[in-house]
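J.: Residue strings, one per chain:
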Amino acid sequence: QKEVEQNSGPLSVPEGAIASLNCTYSDRGSQSFFWYRQYSGKSPELIMFIYSNGDKEDGRFTAQLNKASQYVSLLIRDSQPSDSATYLCAVFPINAGGTSYGKLTFGQGTILTVHP
Amino acid sequence: GAGVSQSPRYKVAKRGQDVALRCDPISGHVSLFWYQQALGQGPEFLTYFQNEAQLDKSGLPSDRFFAERPEGSVSTLKIQRTQQEDSAVYLCASSRIAGGPGTGELFFGEGSRLTVL
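Chains A and B supply the protein sequences, listed in that same order. With the numbering used here applied, the first sequence corresponds to residues 1 to 116, in that order. With the numbering used here applied, the second sequence corresponds to residues 1001 to 1117, in that order.
Worth flagging that the hints you see were computed from the coordinates, not collected in a lab. These numbers come from a predicted model, not from an experiment. One thing to keep in mind: the hints can contain errors.
[As the list claims (entries may be wrong)] The calculated lysine-lysine pairs, modelled on DSSO-like cross-linking and capped at a C-alpha distance of 27 Å, are:
no.: 1; chain 1: A; residue 1: K42; chain 2: B; residue 2: K1011
no.: 2; chain 1: A; residue 1: K42; chain 2: A; residue 2: K103
no.: 3; chain 1: B; residue 1: K1057; chain 2: A; residue 2: K2
no.: 4; chain 1: A; residue 1: K42; chain 2: B; residue 2: K1057
no.: 5; chain 1: B; residue 1: K1014; chain 2: B; residue 2: K1057
no.: 6; chain 1: B; residue 1: K1078; chain 2: A; residue 2: K103
no.: 7; chain 1: A; residue 1: K103; chain 2: A; residue 2: K56
no.: 8; chain 1: B; residue 1: K1011; chain 2: B; residue 2: K1057
no.: 9; chain 1: A; residue 1: K42; chain 2: B; residue 2: K1078
no.: 10; chain 1: A; residue 1: K56; chain 2: A; residue 2: K2
no.: 11; chain 1: A; residue 1: K2; chain 2: A; residue 2: K42
no.: 12; chain 1: A; residue 1: K67; chain 2: A; residue 2: K2
no.: 13; chain 1: B; residue 1: K1078; chain 2: B; residue 2: K1014
no.: 14; chain 1: B; residue 1: K1057; chain 2: B; residue 2: K1078
no.: 15; chain 1: A; residue 1: K67; chain 2: A; residue 2: K56
no.: 16; chain 1: A; residue 1: K2; chain 2: A; residue 2: K103
no.: 17; chain 1: A; residue 1: K103; chain 2: B; residue 2: K1057
no.: 18; chain 1: B; residue 1: K1078; chain 2: B; residue 2: K1011
no.: 19; chain 1: A; residue 1: K67; chain 2: A; residue 2: K103
no.: 20; chain 1: B; residue 1: K1014; chain 2: A; residue 2: K42
[What the hints assert, rightly or not] Listed below are several chain B residues computed to face chain A (Cβ distance under 7 Å; list not exhaustive):
no.: 21; residue: Q1041
no.: 22; residue: G1042
no.: 23; residue: P1043
no.: 24; residue: F1045
no.: 25; residue: F1108
Note that the Cβ used here is the ideal one computed from N, Cα and C, for glycine as well.
Construct all of the structure, not just a fragment, from the sequences and the given hints.
T.: Okay, here's the thing in structure tokens:
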């Protein structure tokens, strides 16, 4: 089982619709959860992070975290063609030593296409 | 600089050749990370520096891979005797936070695309 799993897609939604991107993780001790967006041929850029159970909203984006189910999602409201990209879920775990360095673990990404 | 700068952007190497990839992080950023991204996959962690100290190199796939950051700013990832399976995009990221990205934001460079023939 991969540490962070995402449906690779592609996920296709019409302009103006809600896009729902999902991610599950295996390490129950994971602390922090991130969504990065990566346009084709470009580097990842951070969209949102969430640490606590529940919802966190930022503009058209809402991150949802359910630690009991080991599930994190990203909702994009009023999707635009410019949202078309690969969305990477990333998880920051706790290692046995109690400190972690840089081991942000990424899923394989979900390709989102928003069509006019 | 304004962002994380990586060079070269593209590198074609013959199998067995040594390559060096450079990363110039955002000025003042303490933490520096190297990731490897294969086509269609998410980035895979390679190694982490806090200033000049390499605190985690557990992701380096073999002893052919070596990274350094001697003065706590610019970093170089060196791959010796390249193999075809080394073909990937090598991403460098920096963070102003010391001690890991759990509470910080990673700023990625544009990457160095390595193709080994």
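J.: Against this structure, judge whether each hint is valid.
T.: Against the structure, the hints come out as follows:
With a C-alpha separation of about 16 Å, the suggested pairing of K42 (chain A) with K1011 (chain B) holds against the 27 Å cut-off. Among the hinted pairs, K42 (chain A) with K103 (chain A) is consistent with the structure: their alpha-carbon atoms are about 21 Å apart, no more than 27 Å. For the hint pairing K1057 (chain B) with K2 (chain A), the CA-to-CA distance comes to about 20 Å; that is within 27 Å, so the pair holds. Pair hint K42 (chain A) plus K1057 (chain B) holds up; C-alpha atoms about 25 Å apart against a cutoff of 27 Å.
For a cut-off of 27 Å, the pair hint linking K1014 (chain B) to K1057 (chain B) stands: about 26 Å separates their Cα positions. Of the pairs offered as hints, the one joining K1078 (chain B) and K103 (chain A) holds, with about 20 Å between alpha carbons and a cut-off of 27 Å not exceeded. For the hint linking K103 (chain A) to K56 (chain A), the alpha-carbon distance of about 23 Å falls within 27 Å, and the restraint holds. Our distance criterion of 27 Å between C-alpha atoms is met by K1011 (chain B) and K1057 (chain B), whose separation comes to about 23 Å.
For the proposed pair K42 (chain A) and K1078 (chain B), the alpha carbon gap of about 22 Å is at most 27 Å, so the pair holds. At most 27 Å may separate the alpha-carbon atoms for a hinted pair to count; K56 (chain A) and K2 (chain A) meet this at roughly 26 Å. Our distance criterion of 27 Å between C-alpha atoms is met by K2 (chain A) and K42 (chain A), whose separation comes to about 25 Å. At roughly 17 Å between alpha-carbon atoms, K67 (chain A) and K2 (chain A) fall within 27 Å of each other, so this suggested pair holds.
As the CA atoms of K1078 (chain B) and K1014 (chain B) are separated by approximately 15 Å, the hinted pair is consistent with the 27 Å bound. The hinted pair formed by K1057 (chain B) and K1078 (chain B) meets the criterion: a straight-line CA distance of about 13 Å does not exceed 27 Å. Between K67 (chain A) and K56 (chain A), the direct Cα distance comes to roughly 14 Å. Compliance with the 27 Å bound is thereby established for this hinted pair. Among the hinted pairs, K2 (chain A) with K103 (chain A) is consistent with the structure: their alpha-carbon atoms are about 15 Å apart, no more than 27 Å.
Restraint check for K103 (chain A) and K1057 (chain B): satisfied, since their Cα atoms lie roughly 10 Å apart, inside the 27 Å limit. A hinted pair counts as satisfied when its Cα atoms are at most 27 Å apart, and K1078 (chain B) with K1011 (chain B) qualifies at roughly 13 Å. Between K67 (chain A) and K103 (chain A), the direct Cα distance comes to roughly 19 Å. Compliance with the 27 Å bound is thereby established for this hinted pair. Straight-line distance between C-alpha atoms of K1014 (chain B) and K42 (chain A) comes to about 25 Å, which keeps the hinted pair within the 27 Å bound.
Hint on Q1041 (chain B) holds. Least Cβ distance to chain A is approximately 5 Å, under the 7 Å limit. Hint status for G1042 (chain B) relative to chain A: holds, with the closest Cβ pair at about 3 Å, below 7 Å. Taking 7 Å as the C-beta contact cut-off toward chain A, the hint placing P1043 (chain B) at the interface holds, the least distance being around 5 Å. At about 6 Å, the closest approach between the beta carbon of F1045 (chain B) and any beta carbon in chain A falls short of 7 Å, and the interface hint on this residue holds.
Because the beta carbon of F1108 (chain B) sits about 4 Å from the nearest beta carbon in chain A, less than 7 Å, this interface hint is met.
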